[in-house]
Amino acid sequence: MPFIDEILKYRSVSIVGLEKNTGKTESLNYIISKLPTDYFSVAVTSIGLDGESLDQVTSTAKPEITIREGMFFGTSEKHYRERTILSELYDVSDVTTALGRVVTAKALQEGKVLLSGPSSGSALKRWMSSLNNFGIDLILVDGALSRLSTASPAISEAMVLSTGAAFSANIKDLVARTSFVVDLINLPLFTGKETEIEISSFSDLSTDLIRNHSVIGVEGALTNRLLQAVKKELPRGEKELVVNDFTRIFVTSDLYRSFIRRGGRISVRMKSKLIAICVNPVAPNGIVLDSDLLCDTLSAAIGLPVYDIVKNREKYDI
Amino acid sequence: MTFKEIIDSPCGIRYCFDLLELQSGYARKYLLDSEMMTTAEEIEEAYASLERFTLLLEREPSLVQNLQFRLQGLRNISNTLVSLEEGSALEDIEFFEIKHLALLGDDVQQLFSKTEITDVWSNFDLDNIIRILDPDGLKIGTFYVYDSYSMELRKLRRELESDPDNEEVKDKLYNEEERIKRVLCNLLRPYSTELKKLLHSLAELDILISKAIQHKKESFTIPALGNSSSFEGLFHPEVKSILAQKGKLFQTLSFCYKSGEPGIIIGANMGGKTVALKSLCLCQYLFQFGFAVPALKAEMVPVENIVFCFGDEQDYQKGLSSFAAEMVRIDRMITLAESGAKTLAIIDEPARTTNPTEGSALVSSLLKILEECPNLSLILTTHYNVDSSARCWRVKGLVEEEGSDRLRMDYSLTESADNEVPHEALNIARKLGVSPKWLDAAAKILDT
Numbered sequence: 001m002p003f004i005d006e007i008l009k010y011r012s013v014s015i016v017g018l019e020k021n022t023g024k025t026e027s028l029n030y031i032i033s034k035l036p037t038d039y040f041s042v043a044v045t046s047i048g049l050d051g052e053s054l055d056q057v058t059s060t061a062k063p064e065i066t067i068r069e070g071m072f073f074g075t076s077e078k079h080y081r082e083r084t085i086l087s088e089l090y091d092v093s094d095v096t097t098a099l100g101r102v103v104t105a106k107a108l109q110e111g112k113v114l115l116s117g118p119s120s121g122s123a124l125k126r127w128m129s130s131l132n133n134f135g136i137d138l139i140l141v142d143g144a145l146s147r148l149s150t151a152s153p154a155i156s157e158a159m160v161l162s163t164g165a166a167f168s169a170n171i172k173d174l175v176a177r178t179s180f181v182v183d184l185i186n187l188p189l190f191t192g193k194e195t196e197i198e199i200s201s202f203s204d205l206s207t208d209l210i211r212n213h214s215v216i217g218v219e220g221a222l223t224n225r226l227l228q229a230v231k232k233e234l235p236r237g238e239k240e241l242v243v244n245d246f247t248r249i250f251v252t253s254d255l256y257r258s259f260i261r262r263g264g265r266i267s268v269r270m271k272s273k274l275i276a277i278c279v280n281p282v283a284p285n286g287i288v289l290d291s292d293l294l295c296d297t298l299s300a301a302i303g304l305p306v307y308d309i310v311k312n313r314e315k316y317d318i
Numbered sequence: 001m002t003f004k005e006i007i008d009s010p011c012g013i014r015y016c017f018d019l020l021e022l023q024s025g026y027a028r029k030y031l032l033d034s035e036m037m038t039t040a041e042e043i044e045e046a047y048a049s050l051e052r053f054t055l056l057l058e059r060e061p062s063l064v065q066n067l068q069f070r071l072q073g074l075r076n077i078s079n080t081l082v083s084l085e086e087g088s089a090l091e092d093i094e095f096f097e098i099k100h101l102a103l104l105g106d107d108v109q110q111l112f113s114k115t116e117i118t119d120v121w122s123n124f125d126l127d128n129i130i131r132i133l134d135p136d137g138l139k140i141g142t143f144y145v146y147d148s149y150s151m152e153l154r155k156l157r158r159e160l161e162s163d164p165d166n167e168e169v170k171d172k173l174y175n176e177e178e179r180i181k182r183v184l185c186n187l188l189r190p191y192s193t194e195l196k197k198l199l200h201s202l203a204e205l206d207i208l209i210s211k212a213i214q215h216k217k218e219s220f221t222i223p224a225l226g227n228s229s230s231f232e233g234l235f236h237p238e239v240k241s242i243l244a245q246k247g248k249l250f251q252t253l254s255f256c257y258k259s260g261e262p263g264i265i266i267g268a269n270m271g272g273k274t275v276a277l278k279s280l281c282l283c284q285y286l287f288q289f290g291f292a293v294p295a296l297k298a299e300m301v302p303v304e305n306i307v308f309c310f311g312d313e314q315d316y317q318k319g320l321s322s323f324a325a326e327m328v329r330i331d332r333m334i335t336l337a338e339s340g341a342k343t344l345a346i347i348d349e350p351a352r353t354t355n356p357t358e359g360s361a362l363v364s365s366l367l368k369i370l371e372e373c374p375n376l377s378l379i380l381t382t383h384y385n386v387d388s389s390a391r392c393w394r395v396k397g398l399v400e401e402e403g404s405d406r407l408r409m410d411y412s413l414t415e416s417a418d419n420e421v422p423h424e425a426l427n428i429a430r431k432l433g434v435s436p437k438w439l440d441a442a443a444k445i446l447d448t
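As given, the protein sequences belong to chains A and B, one line each in that order.
Numbering of the first sequence is given in this note's numbering, commencing with residue 1 and proceeding in unit increments.
Numbering of the second sequence is given in this note's numbering, commencing with residue 1 and proceeding in unit increments.
Hints are computed from structural coordinates only; laboratory data are not their basis.
Be careful, since some hints might not be right.
Pairs of lysine to any residue residues, derived as SDA-like cross-links and limited to a Cα-Cα distance of at most 25 Å, are as follows [to be verified]:
{"#": "1", "chain 1": "A", "residue 1": "K78", "chain 2": "B", "residue 2": "N79"}
{"#": "2", "chain 1": "A", "residue 1": "K106", "chain 2": "B", "residue 2": "N175"}
{"#": "3", "chain 1": "B", "residue 1": "K181", "chain 2": "A", "residue 2": "L8"}
{"#": "4", "chain 1": "A", "residue 1": "K78", "chain 2": "B", "residue 2": "K170"}
{"#": "5", "chain 1": "A", "residue 1": "K271", "chain 2": "A", "residue 2": "L8"}
{"#": "6", "chain 1": "A", "residue 1": "K78", "chain 2": "B", "residue 2": "T414"}
{"#": "7", "chain 1": "B", "residue 1": "K172", "chain 2": "A", "residue 2": "E88"}
{"#": "8", "chain 1": "A", "residue 1": "K112", "chain 2": "B", "residue 2": "E85"}
{"#": "9", "chain 1": "B", "residue 1": "K139", "chain 2": "A", "residue 2": "L8"}
{"#": "10", "chain 1": "B", "residue 1": "K29", "chain 2": "A", "residue 2": "E82"}
{"#": "11", "chain 1": "B", "residue 1": "K172", "chain 2": "A", "residue 2": "R68"}
{"#": "12", "chain 1": "A", "residue 1": "K106", "chain 2": "B", "residue 2": "S150"}
{"#": "13", "chain 1": "A", "residue 1": "K20", "chain 2": "A", "residue 2": "V251"}
{"#": "14", "chain 1": "B", "residue 1": "K431", "chain 2": "B", "residue 2": "T414"}
{"#": "15", "chain 1": "B", "residue 1": "K181", "chain 2": "A", "residue 2": "E82"}
{"#": "16", "chain 1": "A", "residue 1": "K112", "chain 2": "B", "residue 2": "P164"}
{"#": "17", "chain 1": "B", "residue 1": "K172", "chain 2": "A", "residue 2": "T66"}
{"#": "18", "chain 1": "A", "residue 1": "K106", "chain 2": "B", "residue 2": "T414"}
One-sided and incomplete, this derived list gives chain A residues near chain B with beta-carbon spacing under 8 Å [claimed, not checked]:
{"#": "19", "residue": "D38"}
{"#": "20", "residue": "E77"}
{"#": "21", "residue": "Y80"}
{"#": "22", "residue": "S87"}
{"#": "23", "residue": "Y90"}
{"#": "24", "residue": "L99"}
Computed far set for chain A versus chain B, every beta-carbon distance over 10 Å [unchecked claim]:
{"#": "25", "residue": "R11"}
{"#": "26", "residue": "K34"}
{"#": "27", "residue": "P284"}
{"#": "28", "residue": "A301"}
Fair warning: this is a prediction, and the values are worked out from it, not measured in the lab.
Glycine included, every Cβ here is placed at the ideal spot set by N, Cα and C.
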């Protein structure tokens, strides 16, 4: 049973996909099916709408989220009314979504539900803290369509990443792009006491500021322009950029790599733990990659175990 | 007039509203939607409750804290209660909400049962409602269509457990659940009025507690109801807090007025005339919405209308200049006053945006025609010399600081027999450090 023991160490884990149809929901269902729910209390929700039986963008079949007996789940009022499983209502919150308020319930039997939880990061955080009263050990968050924001360490402690042919149909490219994201997730924690200056946008950054300081805090997003400006000053001295967490970094991999090659450093104030990577070798347009080759190449590139949950489900179960 | 309509009045009542430690969004909405009280009886009753809660806060602060904690769970379920009353089919979510409300009410009643202070809460009979939605007597705020509602339900659920794909059982189960929900609706319907009352009482409780806290914390006072209005130690809480941040003290005011006797306030620029008017207006609103007021001691009279004309009121949308907007507003006030409705009108420097000759004529005549309205309390400030027998209050103005020859502003208001306006504008401008060249030239013109 790969990586389940690892998940149990954290209080909140988000499952995020690098693209739609990378098997995120499959991964979530796999995790749910393997959790020891008899002595472990689990709550699951999704940011935004998820768990619909047909993918709304590509109309491909999409597995629903299967909730096990005793598990808590957060979904919208609308989908709660439409549910088919027996469940006990625990809370009707004042967090609202386009589909009504977010409700929290405990499943009294196993079954499939549509999860459409809080639609923003801050609403999600509020919902998560509202669970404090119910003695939850682990919260699983299904991140929506290519949104990494739920994986922010400000929201969840650890993450499972899903990637696959839908993200890129070329193994080499897929590995390169995925390992770039992994590099960002694994950026080192900032170890200094405090940064010399704090900037909140590119306009704050005059050449003098960059030249005169070596440790620069970035309050908002780290963008290509900003990184480029700092890169130019690298020959004149060491530079370290400190961002809040990896979800605030919006730079191309080329620029990032060349910045690092020239001796620049980027560190984060908060770090998420990447537990595992799941792959889906099938893309909605019919392209199928070689699953074993993909897992091996990716695993070698990032130094972490990579799983194809669908294909190797039985193998992992043994 | 609702609280919502006056919350952005320039008198600064929003500041007092924001200071309230309301625990639920519903109480906030309830207060904003509440109507202004206009009779002495209503206000007296509201203040009697506020007194009791202030006493409760002093004697049993932990009880109040507990109540506040519970009230965080108050949700607005008015729509659900309307559906219940109208006989719509309710679902789990609505039953949950009703149960949650009833249990919250029960919690609050339990807390109140221990206090010795009487008349803080009138009990509701919630036992039946709770029994309907909590058939197992668990007293937990969760809900589903419980097995114990019917033998049939229990049987069908078991059957489905052993044969999850049996469509016939699924149908039967669905029908049985729907039947039970209908029965629950019928059982609960007779209590819909009681539940509505409970919902309102809980919102009122939240509001009262936060008013009591404000009363204590901000050193406000509960005014007495009388035949005329008078204040001692009057202050404007927002201005006071701004001054406090700068390490300065607010100089409190004493003032009184009466209907049928217009009053004018004259005095130097920067003498606090506008702040005085704002404080008076603020107190009147707070009074008529049952808040304690920012003063050491106060006596007040309820009115039917409060009119506050203040500052630059240009209205682009109606195409009115500041003068026109002001005239229209004062005209409306005159109509109100002449209709005989009890009105408090507070006007900051009327007609100040026009020439002094016509301006002072307008102000003098306004005072003259309004003298004949016995139900109008009028207070205005002006820089014009007006010909009127109105009571006149004067800002003390610049006085020499004790032990030095420096000037400082004394903001206190004193009643004065003559209404000759002060001529301190140049001195004040000098104190502000305005170009002496300009001010000397002005002084020269005055001398000739």
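Hints, one by one, checked against the model:
no. : hint            : in the structure
1   : A:K78 / B:N79   : holds, 16 Å
2   : A:K106 / B:N175 : holds, 22 Å
3   : B:K181 / A:L8   : violated, 39 Å
4   : A:K78 / B:K170  : holds, 21 Å
5   : A:K271 / A:L8   : holds, 18 Å
6   : A:K78 / B:T414  : violated, 65 Å
7   : B:K172 / A:E88  : holds, 20 Å
8   : A:K112 / B:E85  : violated, 34 Å
9   : B:K139 / A:L8   : violated, 32 Å
10  : B:K29 / A:E82   : violated, 30 Å
11  : B:K172 / A:R68  : holds, 24 Å
12  : A:K106 / B:S150 : holds, 21 Å
13  : A:K20 / A:V251  : holds, 21 Å
14  : B:K431 / B:T414 : holds, 23 Å
15  : B:K181 / A:E82  : holds, 16 Å
16  : A:K112 / B:P164 : holds, 13 Å
17  : B:K172 / A:T66  : holds, 24 Å
18  : A:K106 / B:T414 : violated, 69 Å
19  : D38             : violated, 18 Å
20  : E77             : holds, 6 Å
21  : Y80             : holds, 7 Å
22  : S87             : holds, 6 Å
23  : Y90             : holds, 5 Å
24  : L99             : violated, 13 Å
25  : R11             : holds, 23 Å
26  : K34             : holds, 21 Å
27  : P284            : holds, 30 Å
28  : A301            : holds, 44 Å
This entry does not satisfy hints 3, 6, 8, 9, 10, 18, 19 and 24, going by the numbered hints stated previously.
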